[in-house]
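K.L.:
The primary structure of each chain is shown beneath.
There are 2 protein chains.
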Amino acid sequence: MSELYTEMTAGELKERKKLLLRRYDDFKAKGLKLDMSRGKPGADQLELSKGLNDVESYISDGIDVRNYGFLDGIPACKKLFADLMGVSPENVIIGPNESLTLMFDYICQCFTHGAGDIPWRCLPEVKFLCPVPGYDRHFTILEYFGIKMINIGMTAEGPDMDSVEEYIKDPAVKGMVCVPKYSNPQGVTFSAAVVERIASMKPAAEDFRIIWDNAYCVHDLFDDGDELLNIFDILPKYGNEDMLVEFCSTSKITFPGAGVSALAASKNNIAAIKKRLGAQTISYDKMNQHRHAEFFGDVNGIREHMKKHAAILKPKFDIVLKHLENELRGKGIASWITPRGGYFISLDVMDGCAKRVGELCKEAGVVLTSVGATYPYGIDERDSNIRIAPTFPPSDELELAAELLCICVQLACIEKLAG
Amino acid sequence: MSELYTEMTAGELKERKKLLLRRYDDFKAKGLKLDMSRGKPGADQLELSKGLNDVESYISDGIDVRNYGFLDGIPACKKLFADLMGVSPENVIIGPNESLTLMFDYICQCFTHGAGDIPWRCLPEVKFLCPVPGYDRHFTILEYFGIKMINIGMTAEGPDMDSVEEYIKDPAVKGMVCVPKYSNPQGVTFSAAVVERIASMKPAAEDFRIIWDNAYCVHDLFDDGDELLNIFDILPKYGNEDMLVEFCSTSKITFPGAGVSALAASKNNIAAIKKRLGAQTISYDKMNQHRHAEFFGDVNGIREHMKKHAAILKPKFDIVLKHLENELRGKGIASWITPRGGYFISLDVMDGCAKRVGELCKEAGVVLTSVGATYPYGIDERDSNIRIAPTFPPSDELELAAELLCICVQLACIEKLAG
Numbered sequence: 001m002s003e004l005y006t007e008m009t010a011g012e013l014k015e016r017k018k019l020l021l022r023r024y025d026d027f028k029a030k031g032l033k034l035d036m037s038r039g040k041p042g043a044d045q046l047e048l049s050k051g052l053n054d055v056e057s058y059i060s061d062g063i064d065v066r067n068y069g070f071l072d073g074i075p076a077c078k079k080l081f082a083d084l085m086g087v088s089p090e091n092v093i094i095g096p097n098e099s100l101t102l103m104f105d106y107i108c109q110c111f112t113h114g115a116g117d118i119p120w121r122c123l124p125e126v127k128f129l130c131p132v133p134g135y136d137r138h139f140t141i142l143e144y145f146g147i148k149m150i151n152i153g154m155t156a157e158g159p160d161m162d163s164v165e166e167y168i169k170d171p172a173v174k175g176m177v178c179v180p181k182y183s184n185p186q187g188v189t190f191s192a193a194v195v196e197r198i199a200s201m202k203p204a205a206e207d208f209r210i211i212w213d214n215a216y217c218v219h220d221l222f223d224d225g226d227e228l229l230n231i232f233d234i235l236p237k238y239g240n241e242d243m244l245v246e247f248c249s250t251s252k253i254t255f256p257g258a259g260v261s262a263l264a265a266s267k268n269n270i271a272a273i274k275k276r277l278g279a280q281t282i283s284y285d286k287m288n289q290h291r292h293a294e295f296f297g298d299v300n301g302i303r304e305h306m307k308k309h310a311a312i313l314k315p316k317f318d319i320v321l322k323h324l325e326n327e328l329r330g331k332g333i334a335s336w337i338t339p340r341g342g343y344f345i346s347l348d349v350m351d352g353c354a355k356r357v358g359e360l361c362k363e364a365g366v367v368l369t370s371v372g373a374t375y376p377y378g379i380d381e382r383d384s385n386i387r388i389a390p391t392f393p394p395s396d397e398l399e400l401a402a403e404l405l406c407i408c409v410q411l412a413c414i415e416k417l418a419g
Numbered sequence: 001m002s003e004l005y006t007e008m009t010a011g012e013l014k015e016r017k018k019l020l021l022r023r024y025d026d027f028k029a030k031g032l033k034l035d036m037s038r039g040k041p042g043a044d045q046l047e048l049s050k051g052l053n054d055v056e057s058y059i060s061d062g063i064d065v066r067n068y069g070f071l072d073g074i075p076a077c078k079k080l081f082a083d084l085m086g087v088s089p090e091n092v093i094i095g096p097n098e099s100l101t102l103m104f105d106y107i108c109q110c111f112t113h114g115a116g117d118i119p120w121r122c123l124p125e126v127k128f129l130c131p132v133p134g135y136d137r138h139f140t141i142l143e144y145f146g147i148k149m150i151n152i153g154m155t156a157e158g159p160d161m162d163s164v165e166e167y168i169k170d171p172a173v174k175g176m177v178c179v180p181k182y183s184n185p186q187g188v189t190f191s192a193a194v195v196e197r198i199a200s201m202k203p204a205a206e207d208f209r210i211i212w213d214n215a216y217c218v219h220d221l222f223d224d225g226d227e228l229l230n231i232f233d234i235l236p237k238y239g240n241e242d243m244l245v246e247f248c249s250t251s252k253i254t255f256p257g258a259g260v261s262a263l264a265a266s267k268n269n270i271a272a273i274k275k276r277l278g279a280q281t282i283s284y285d286k287m288n289q290h291r292h293a294e295f296f297g298d299v300n301g302i303r304e305h306m307k308k309h310a311a312i313l314k315p316k317f318d319i320v321l322k323h324l325e326n327e328l329r330g331k332g333i334a335s336w337i338t339p340r341g342g343y344f345i346s347l348d349v350m351d352g353c354a355k356r357v358g359e360l361c362k363e364a365g366v367v368l369t370s371v372g373a374t375y376p377y378g379i380d381e382r383d384s385n386i387r388i389a390p391t392f393p394p395s396d397e398l399e400l401a402a403e404l405l406c407i408c409v410q411l412a413c414i415e416k417l418a419g
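Protein sequences appear in the order of chains B and U.
Just so we're aligned: 185 in the working numbering is position 185 of the first sequence, and the numbers increase by one with no gaps anywhere.
Just so we're aligned: 223 in the working numbering is position 223 of the second sequence, and the numbers increase by one with no gaps anywhere.
In case anyone wonders, no lab produced these hints; they're calculated from the structure.
Incorrect hints may have been included.
Same chains, same names: a pair is fine if it fits in one copy or spans any two.
To be verified - Think about it this way: if two alpha-carbon atoms lie no more than 30 Å apart in a straight line, the pair counts; the simulated DSSO-like pairs of lysine-lysine are: (1) K237 to K14; (2) K14 to K275; (3) K275 to K355; (4) K274 to K202; (5) K202 to K362; (6) K14 to K28; (7) K79 to K355; (8) K275 to K79; (9) K274 to K33; (10) K28 to K307; (11) K28 to K274; (12) K202 to K28; (13) K362 to K274; (14) K148 to K274; (15) K275 to K33; (16) K79 to K362; (17) K79 to K30; (18) K274 to K355; (19) K314 to K237.
In this text the structure is predicted, and so the values were computed from the model without any measurement.
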């Protein structure tokens, strides 16, 4: 007998449903309260960075980090992030406790003062390309500034570049958001060909800007992590140095609420950003910059540290993947990519079923990322994508949550198939 | 013989100049490199907050402060700042490492999205009232957003309210910046009458906003500090709850680069600010909030701590005031207010002489705040105001710098009088 739900008779589906409902009710009886909604590190991961607080010195390269000054960050921290992003320290600005703020502030700057001659606020329409599924907080920023978002499909190699190259012929299309390594939520790393194609784009808008959110640049689950080309090595070849600003942070390296963020950009962009920054702040928190520089020593310190995260995270990803394999494989109702890093597993269920899966999970005490959140305006037209965040729950809870999720996926799809 | 330079003969002035030049040349020969330009705490002040780093716990009221969440701050820190500003915790948002960023972001929000129905960016002109002399970084923010600044004279009781009440009849006048306690640079605390008059204003612009920068709210030099009325107690009487947002920080309580900032505002304003904040950040640095809440315990902890600052700062202010008294009193060329708190002494010299004083000081190795910086657009039309920042240099250096300053003031004025 085929395991494909799509080929089963009404009677067979009914039988399946009965079995699944029994399991579902057992789960409900447990009174679970589990959260797989956000990419939050677990408590054991936070313990890895305890040593940050042991940094007692206040002096970095002769600078008293407690006092005013150093708008773009202390040299030791600029060096650390420059090495992490593969650029020179003069192309780096150290930011506040998270890179989201750096991105918001940069988009805001383009809106109020522009990235070229004309502030975006002065234009009748500004559009951005958004590979989907993507990161909900990017979409929130763009929506806040009234920027029209255009969905771009994701392939296994990155954004659908044929589509991107078509859209950028429109001068109202001013930019694109990308999570180029272990993308949120699919875990896709942009291939060398895609990175080259992005770097070589010739958008109609001269002030086109790519938000290169390299949030998971060192967040490998395996020793041999994915390789992402350093796009800053390629951009100059096409005269595109100013087209892209890269962002990263230690939010998922040290502490999510108390990390250090950074951006990398061309000389022109750094100058434009510093102009705004000089009005916005005297300096970001240099004590925290110093703590991070001392704690890691250098970029290899970060890489070693990330291996400890991987040792905690890989088994959690494996738990979810095991349940997906056991319960959903071969049933024709769901597909997923096995990620090699990052923070999420992206699950695509039968069209029209994702919201129902979310409801069923919630009723049984498991919170998923709001279904639709991975799309601009919260609209997943196919109602198909579910973002699974396996990092926060302890393993025993994750086992339960993942099993329940698989039950709910099957129930929702059977409901749909039964009509 | 009168000591008034303004009544001396050419010969007498020439004689004075000769004596002063001799002293000036002696100073130059010392090869000094002193800085009285910015309101930076001295190293001994920074040592007072060493204990911040000893906070090892990560849990505040059951919250793991290392992880995501709590957009408006952790409860313990909200309580601390609520008590400091005399409002309820629900009227408080905890901000990043300095309040300047909170103010920039708030003005930016008014510009992009408005404080009322229409974003300020959509108006042909937006004007702000700026009591002068004032804080240069306020002016930088307003200038960045193209907001036209209007000078308002300061009296010994606060801004010239007759003038303010005239200007606010213009609906293009959208706000005012105030440092209500120990104002920067004069050290004036707004009188009860002025605070009441401000709270009762009826500006033509319904979306009028006062930036109430209470930067020096607990920065007394004397045990009996100046009393500033709590304007939040008065605003409701006039239906003006939404007209004002208060800002403060621990920049000059703990560490200038690594403090905690906060704002207090009405329910409506808090909601509007949170809407933007939810797009801009996940949370500010809660570890640092926790450190501050633990270090101080409660608002009395802050008050006790400030007495230690006063013990360091009062002698420094006294050094500068002593030189001003000894060298400039009774000569008809300079006036100043003796501040009872804050970070500055504001010195007014004969019209047309302040720039020259700055030059002479610089030539002899003492850097003052850029002359003119205390006025919008850097333009002090009378070329008269000099902001003295006595906090950063050690006392022995301050003695030298203050003496040199007095020499330079006399030299510049004699040059002017001699024509």
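K.L.:
Give a verdict on every hint.
P.N.:
Status of each hint after checking the structure:
no., hint, verdict
1, K237 to K14, "neither (61 Å within a copy, 67 Å between copies)"
2, K14 to K275, "neither (65 Å within a copy, 46 Å between copies)"
3, K275 to K355, "between (45 Å within a copy, 26 Å between copies)"
4, K274 to K202, "within (26 Å within a copy, 38 Å between copies)"
5, K202 to K362, "neither (46 Å within a copy, 51 Å between copies)"
6, K14 to K28, "within (20 Å within a copy, 96 Å between copies)"
7, K79 to K355, "neither (45 Å within a copy, 39 Å between copies)"
8, K275 to K79, "within (21 Å within a copy, 35 Å between copies)"
9, K274 to K33, "between (45 Å within a copy, 28 Å between copies)"
10, K28 to K307, "neither (37 Å within a copy, 59 Å between copies)"
11, K28 to K274, "neither (54 Å within a copy, 35 Å between copies)"
12, K202 to K28, "neither (54 Å within a copy, 59 Å between copies)"
13, K362 to K274, "between (45 Å within a copy, 27 Å between copies)"
14, K148 to K274, "both (27 Å within a copy, 23 Å between copies)"
15, K275 to K33, "between (47 Å within a copy, 28 Å between copies)"
16, K79 to K362, "neither (45 Å within a copy, 34 Å between copies)"
17, K79 to K30, "neither (51 Å within a copy, 38 Å between copies)"
18, K274 to K355, "between (44 Å within a copy, 28 Å between copies)"
19, K314 to K237, "neither (38 Å within a copy, 60 Å between copies)"
This entry does not satisfy hints 1, 2, 5, 7, 10, 11, 12, 16, 17, 19, going by the numbered hints stated previously.
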